[in-house]
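Enquirer: Chains as they are written, first to last, in our numbering: chain A, 1 to 519; chain B, 1001 to 1376.
Among the clues, some could well be false.
[Claimed, not checked] Calculated lysine-lysine pairs in the PhoX-like style (CA-CA distance at most 20 Å, straight line): (1) A:K386 to A:K254; (2) B:K1238 to A:K412; (3) A:K378 to B:K1235; (4) B:K1238 to A:K389.
[As the list claims (entries may be wrong)] Estimated spans, in silico, between C-beta atoms of each pair: (5) A:T178 to B:L1028: 56 to 62 Å; (6) A:R385 to B:L1028: 14 to 20 Å; (7) A:N146 to B:L1028: 54 to 60 Å; (8) A:R331 to B:L1153: 40 to 46 Å.
These are calculated hints, taken from the structure and not from any lab test.
Glycine is no exception: its CB is placed at the ideal position from the N, C-alpha and C atoms.
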Amino acid sequence: MHNNIAVQLENITKTFGKKVIANKDVTLDIRKGEILSLLGENGSGKTTLMNMLAGIYYPDSGHIYVDNGKDELEEVSICSPKDAYALGIGMIHQHFKLVDVFTATENVALGLDKSIAFNKKQIAADIKAICDKYGFKVDPDKKVYNMSVSEKQTLEIVKALYRGANILILDEPTAVLTPQETDMLFEVMRNMKADGKSIIIITHKLNEVLEISDRVSILRKGEYIDTIQTSEASVSILTEMMVGQKVTLHIDRKDPENTKERLVVNNLSCVNKYGVTALDNVSFTAYGGEILGVAGISGSGQKELLEAIAGLQDTVDGSSIEYVIPDTEERSQLIGKTALQIKDMGVALSFVPEDRLGMGLVGSMGMSDNMMLRSYRKGFFFTERKGPKELANKVKDNLEVVTPSITTPVRKLSGGNVQKVLVGREIEAAPSVLMTAYAVRGLDVNTSYTIYNLLNDQKEKGVAVIYVGEDLDVLLALCDRILVLCDGKLNGIVDARTTTKEEIGLLMTHLREEEQENG
Amino acid sequence: MAKITVHKKEPFLRIAKRDSMPLWQSILIRVISVVLALVVCGVVIYLLIKVNPLEVYKSMVEGAFGAFKEDYKFFNRRTWITIRDTMMLLCIAVGLAPAFKMRFWNIGAEGQILVGGIATAACMIYLKDLPPALLFICMIVSSLVAGALWSLLPAVFKAKWNTNETLFTLMMNYVAIQLTSFFVAMWENPFGSNTVGIINPNGHEGWFPPIFGQDYLMNVIVVMTITVGMFIYLKYSKQGYEIAVVGDSENTARYAGINVKKVIIRTMLISGAICGLSGFVAVSGASHTISTSTAGGKGFTAIIVAWLAKFNTFTMILISLLLVFLDKGAIEIASKYDLNDYVASMITGIILFFILGSEFFVNYRMIFRKKNKEVQ
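This is chain B alone, in the form it adopts within the complex:
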């Protein structure tokens, strides 16, 4: 029988899932991706502004950790601000971790931060005459409750009627922003400025107290406590175990007699509460004011942090630091070389693209035509 070959062509590229990969290899891939990102950024920078990329990278480091002068001290003002922002991002990411581990896509951290912030600001304004310890307890409790309540609604709807939590939590963000505008108008100070201004600028009531003379050491203590606590909660507690089971397979959870609805609501309350507490850290520990930009997109950035860290709260520390460093560095080079913010965003974007892209190569392998050569 006649068999003819006319236009036999194998697909140029096929993609197959990897079984598994040794740890060193996956780390290597990620390191390579960062190096590649820096090279690409360097090329882009050079093409745009004809400056030695190494100089640019140096300014990025300086942007995050202070200028390298002769009497350089690591713990300078800039470093502390980087630490402060890292802690803020970390706190939100830690708050998202339980929800995401349960495969509940809480993208409403923005809103939960804002309501937590409003609650904190309200305590600072109306209860400033209380003894400091009592005032702090009020701020903490009210911000936790506010965040939890904000997440309760989507959680209940998800548990009872299986509504889409992504849309629901997202829409709650906009409600929270409007609510914040309302309170900003109410607490306006000075009149006509359309801002709340620094709350309690003289007595510093409700401000995080400096420890060893450092304004932001308290932030580190608070957030690290939550980070360690969440790690233990997720890894060693019964509730953490239930979260993992529900996240992997609701059917299995049902078969094991786990009350899935209860777990969804409980976990989401915890997630929202910690995001609310981030609002407390933001208002009481950093800006000492409240505005619609108090969350400033960190609720979304934290999603990247939580995912890249695979919900391991300790890995989140590193990733938060990396993202904040990129942000600070990008702002610095934008101002130093007289570029606008978009260049900064571009650089951050390129680096994130490579880091996220590396996950693909960790999970999949590519098979090219004919040669069948695997590309790592």
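For reference, chain A alone in the conformation it holds in the complex:
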């Protein structure tokens, strides 16, 4: 019987610690010569599952079968990336595993057998052959630190192919690419498929799934949902499978009342630490009593925008951020003030980073000590502990934070609870400008609603809320206006009640023509 399956996963389960179940009983197969999309929300266990194929993790239970070249499936155990390569499985991780000071050739040579590893000419020639075959562009003598993100990614793929990978796993490859680069990537993926390679692409972008893949497998909260033919799929079917039910967000959005100018930003430009212009001439006004959404592909300048307002990011001369003090309606220039002064004036920022802890919370401290981060300066020499303790209890009760005690290190709490602590603390400081970034990152639906409600409460209290988000559905349902950033430029501010997802999607990816001419 002809076997068209390249890899089969059977009842794979992986847990971290006792509580976190990353994958539960996942059964999945990858056929030869196909592109399979692995679709799921953040935290649905896509990367963990693939890491077990690549030998990074070892499953707690379950079986992995790989085609042994004789049209038979053979059960294997993959204990290390080396084992994975021996089976022809190569994974391109989100964070590239390249040595910066080495050339492309040297990076490919790393970890090869001694007999070939030092024959750089031969390797360079082989690289060229691979490039010609599939349409890659790699300069073998270029050092990695001189490469663009796209070039690095290409090199990673070439490296995997060089080692004989027949099954390629790409972890969110397009997250870091421009649209043109994405097209190029898809082109080579099709070439590789035509050559009989199996490709798994991990993504949560539906349009890409529909464009590139043959079949789609969906994971939800670590569990396998289903696999369907892409030709039979549509955005709404996939979304439904991904999130469980059709996304109908019932966020109680009131019309903004008594809006007042709170933050007037003019010609704001920033250069990030790599010397790249991260924000380019951004001007807008945020009003008290409304939620201003900020949309954009990740890394379009959202972080710099918030940090510039919070006084954590240096700005280019000519930038202006004026804050209208609530009581006196006086305008005060924020640029030149320290982060502390700005915070004391009533501008709060809660930024939820990927690891959820790095910005704003101290993982090894309990809730109580984390509350202190805002207030510890009060008093003489010694920290004042009573206030933070009361505050911690208040946040715990109001937001239903699940924690054994307010002294349990927040690192041990689940992601959602960590975020409640962070957002809760900023809200309790009674700010007049509340900036939140990725407040619902990786949260389940119920917890997300708790956060939306909190933000709406703040809006009704007259606070100017700035909400940086990833999920367009949420931005559309929660915000009053949406500011769209594209490549550090302000590409438009739209009314959230009348705009469409498509319009925002377009603004996120394509600079408007007049912008391009100006820029």
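Add chain B to chain A, keeping to what the hints say.
Expert: Below, chain B without anything else, positioned relative to chain A:
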């Protein structure tokens, strides 16, 4: 479809991080590790010298706390020396605590002790005619300042240009050693001996005064004061809080409006100053001389103390005592059974290996093949 199983093999051993562990369990693991260490040492000793290990352990205790004779008194000369050395080690470890808690790897305690010692010796030599109280103030202040200055350089470079503090502080040690050689040559006494000799042997100017007839009680008072002070500083002061925040996450500190550079420099100054003060304790309170071996590796041993105690200064007392006890005991058995120093180091090494190793079992659990049995 044909599925065949050929060489399916699960890894023999997998390692996973523990969520948490009850306190009694973690203490139990540590106690077991010490017992195991003693057993292994016993076997090694027996194989090497064919002596009853219990006898050997008894000599170790005697080495640290005096021979068990009929009129045994606990506070004898040996015990006091053990206490003196414990206090010295503790003082350095307490000095390292704030830096390490901030995740600033100050491995330059050796150098900071030496410059503190030089400053103290200089005061003892040149200012011996001052009234004792004034002389002591001079010694304390100058040793604090010397240690602080020695740590200022790596701290500033770390704060401004993010240089590697480990290498920087380490290299400062060698500079300090050379500097010490220079001063030893300058203060040589008697001429040609290449040592400074006991400073002020007759008038005892600048020596720690005996209290209740005990030479080293003063050391205990000074070091315990610093230990308690540091505990309060780290746990209850605003600056201590800032240190903890910076140590855990610089980004969070930045978001909270903490001036990270300032905290790094300030904390390192404190750390260096206390290490410098250890030099004062070493010179004025113990050896009454200065040489390149005044620090004698204690600056490195103190790192182990600080880590094992998880920067809790009170736990450091116990750990310092344990390490000094091991050291004294090992020296004793080496001389008693006519072995060389290496055997002593071996025994200390085995015991430390087990104690450090126990931390692994506290933090991780092991999962063996198939049986999935957890090993505590």
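Enquirer: The structure should be examined with respect to each hint, and the outcome stated for every one.
Expert: For each hint, the structure was consulted:
1. A:K386 to A:K254: Given that 20 Å is the threshold and the Cα spacing comes to 37 Å, the pair is violated.
2. B:K1238 to A:K412: Violated - the C-alpha atoms of K412 of chain A and K1238 of chain B are around 25 Å apart, more than 20 Å.
3. A:K378 to B:K1235: 16 Å, holds
4. B:K1238 to A:K389: Judged against 20 Å, a Cα distance of about 16 Å means the pair holds.
5. A:T178 to B:L1028: 56 to 62 Å: 57 Å, holds
6. A:R385 to B:L1028: 14 to 20 Å: The hint (14 to 20 Å, Cβ to Cβ) is violated, given that R385 of chain A and L1028 of chain B are roughly 32 Å apart.
7. A:N146 to B:L1028: 54 to 60 Å: 55 Å, holds
8. A:R331 to B:L1153: 40 to 46 Å: The hinted range 40 to 46 Å holds for R331 of chain A and L1153 of chain B, with Cβ atoms some 45 Å apart.
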